[in-house]
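Student: My request is simple: use the sequences and hints to build the entire structure.
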Amino acid sequence: MTALLEIEMLSKHFGGVQAINELSFAVEEGEILGLIGPNGAGKTTLFNLISGVFPCDRGRIRFRGTDIAGATPYRIARHGLARTHQIVQPFESMTVLENCTVGACFGRENLSRAAAGEAAREAAVFVGLEDRLETPAAQLTIAGKKRLELARAVAARSVLLMLDEVLAGLNPTEVEHMIGVIRGIRARGTAILMIEHLMQAIMSLSDRIVVLNSGQKLAEGSPGDVANNAAVIEAYLGDPELARELHGGAAI
Amino acid sequence: MLRRPFFWIIALIIAVFALAPVATGDVELRESLLLAAIYIILASNLNLMLGYAGYVNFGSIVFFGLGGYICVYLLGAPGWPLVAAAVAGGIAVSLLALVFGLGILRLRGAYFALATVGVNAAVQAFVANFTPWGGSSGLYLSSALFAPLGGPMKALWTIYFLIVAIMGLSLYLSYAIKSSKFGLGLLAIGQNEDAAAVLGVPTPLYKALAYSASAFLPAVAGGLYFFKGAFIQPADAFDLTFSLEAIVIVMLGGQGTIIGPAIGAYLYEELRGWLLTSDTFANFQLVAAGALLLVMVQFLPSGLMGWVYARWPRVRHVLE
Chain A
1 MTALLEIEML
11 SKHFGGVQAI
21 NELSFAVEEG
31 EILGLIGPNG
41 AGKTTLFNLI
51 SGVFPCDRGR
61 IRFRGTDIAG
71 ATPYRIARHG
81 LARTHQIVQP
91 FESMTVLENC
101 TVGACFGREN
111 LSRAAAGEAA
121 REAAVFVGLE
131 DRLETPAAQL
141 TIAGKKRLEL
151 ARAVAARSVL
161 LMLDEVLAGL
171 NPTEVEHMIG
181 VIRGIRARGT
191 AILMIEHLMQ
201 AIMSLSDRIV
211 VLNSGQKLAE
221 GSPGDVANNA
231 AVIEAYLGDP
241 ELARELHGGA
251 AI
Chain B
1 MLRRPFFWII
11 ALIIAVFALA
21 PVATGDVELR
31 ESLLLAAIYI
41 ILASNLNLML
51 GYAGYVNFGS
61 IVFFGLGGYI
71 CVYLLGAPGW
81 PLVAAAVAGG
91 IAVSLLALVF
101 GLGILRLRGA
111 YFALATVGVN
121 AAVQAFVANF
131 TPWGGSSGLY
141 LSSALFAPLG
151 GPMKALWTIY
161 FLIVAIMGLS
171 LYLSYAIKSS
181 KFGLGLLAIG
191 QNEDAAAVLG
201 VPTPLYKALA
211 YSASAFLPAV
221 AGGLYFFKGA
231 FIQPADAFDL
241 TFSLEAIVIV
251 MLGGQGTIIG
261 PAIGAYLYEE
271 LRGWLLTSDT
281 FANFQLVAAG
291 ALLLVMVQFL
301 PSGLMGWVYA
311 RWPRVRHVLE
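Protein sequences, first through last, are from chains A and B.
Per our numbering, the first sequence runs over residues 1 to 252.
Per our numbering, the second sequence runs over residues 1 to 320.
Derived from the structure by calculation, the hints contain no laboratory data.
Note that the structure is predicted; figures quoted are calculated from it, not measured.
Backbone N, C-alpha and C define an ideal beta-carbon position, used for all residues, glycine too.
Hints may contain errors.
[As the list claims (entries may be wrong)] Computed far set for chain B versus chain A, every beta-carbon distance over 10 Å: (1) F6; (2) A144; (3) Q233; (4) D239.
[Claimed, not checked] Calculated cross-link-like contacts (lysine to aspartate or glutamate; reagent style DMTMM-like; alpha-carbon spacing at most 25 Å): (5) K217/A <-> E22/A; (6) K178/B <-> E98/A; (7) K178/B <-> E118/A; (8) K217/A <-> E165/A; (9) K181/B <-> E118/A; (10) K178/B <-> E109/A; (11) K178/B <-> E122/A; (12) K181/B <-> E92/A; (13) K181/B <-> E134/A; (14) K178/B <-> E134/A; (15) K154/B <-> D26/B; (16) K228/B <-> E28/B; (17) K181/B <-> E122/A; (18) K181/B <-> E98/A.
Tutor: Given below as structure tokens:
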């Protein structure tokens, strides 16, 4: 049985900067894989390569057995891969429901507009936006917009969901709620690849973790292994304060 | 569909356009309404690109002019009947727009806008040097061509009714697209093209289809319009003034709304008529259009209907 998403020897450079350097890893069906690393490690670039926003220089990206490297973002989305953006990208003057309908209409199931309306409503309720269905996206708070990003991706009923810092900028209550939503998505059988800087959250959510540094894989393993990995602590975390936090998170 | 109030509003607009000049027998009113209907056709179709997909087409008049040329040409030597020639013009222009669209819609923002001006200029230059179409001196039609329509007087009424019908179709097209999956994809592109692509909207195809769809009815209308004058030349067919007026109208009425361009077109036509006949402003008609555009963009960027919908959101469900 092959993995859901297989990244093989993937490379991408921007001018003289090697953003991703011969990176290989895999996401299995139904798992939550955490992606961590310092700023500039190439995490968001990796998302952009996988979702087809940028073409890669070399390497292979296999999703559900098909090579998607070089495919356009909309084909990849149709194939069952959804993502959220670190900087939220709502359709400002559309309502919450209309935003989610776009996700449902053009997602994996390629629904008709009427059927998409139902899927959209269900997704919006699922992330806790049931009171805001008719609100224009521009009027949502930042937490609301983050939920909307997630709801649009959920409405697409994808097989793999890539979350780019959905917890950043949220207060502790909102983080708590969002973690519940993420667990709920996984419970439906959707695999999740997530970038997160909030260590406690990613350590408790992830089944496995990949640590990225300067575009290369520094470590891979269970949250506990990664937190105890000497290379991770010394080369990347450096900061003993953060190392302690990691241990704390793993213990949860 | 019949239950939607909006459908009856379109029907009412068509009925007023069709019956008012007949009831009064007023030819001057008919000519003024004909121009208003042309403005509605141009603005409604421009709105598919400008209001839905968020792409500013400065050269939308190229559809109207090229449709006019193809129709006038087919009516002449090949001797096609009027409706067939006009529809053939529409189909040909629509297909050309699809091909062009797949190319120039890779450009975004100001670059796309510049390219559309370029397309109009290039087509105008081509036609001005194309001898089968009379080059820069244009094509004339024999008045004998009005005979099958019952002579010039009757023909003018027939053309008027056909143009009113195309106006109705334009409004219906705006409505049909907006309420479809295709329309939802276009609106998403208009709001945030990159996010739309990541959510699965096939952006290059949708943009090209919108560009092509926005070409069809203006091209058919162009055929009828130039048949009416029995004369077409490059300077009239590809006059950018018309393009700019269409943009003013869409901005005035409300981009992205269905009824907005129709209201904008009617108001603009009234204003234009008043300016042209007034002693003071007769030569400044376009200055007024420019000033109006500035005021709208500055103070009411979503147009009259956008303002109404923002104040009374419920109205949106009635008027679309």
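Student: For every hint, state whether the structure bears it out.
Tutor: Do the hints match the structure? See the list:
no.	hint	in the structure
1	F6	holds (17 Å)
2	A144	holds (50 Å)
3	Q233	holds (42 Å)
4	D239	holds (33 Å)
5	K217/A <-> E22/A	holds (9 Å)
6	K178/B <-> E98/A	holds (12 Å)
7	K178/B <-> E118/A	holds (18 Å)
8	K217/A <-> E165/A	holds (19 Å)
9	K181/B <-> E118/A	holds (14 Å)
10	K178/B <-> E109/A	holds (21 Å)
11	K178/B <-> E122/A	holds (23 Å)
12	K181/B <-> E92/A	holds (19 Å)
13	K181/B <-> E134/A	holds (19 Å)
14	K178/B <-> E134/A	holds (18 Å)
15	K154/B <-> D26/B	holds (14 Å)
16	K228/B <-> E28/B	holds (15 Å)
17	K181/B <-> E122/A	holds (19 Å)
18	K181/B <-> E98/A	holds (11 Å)
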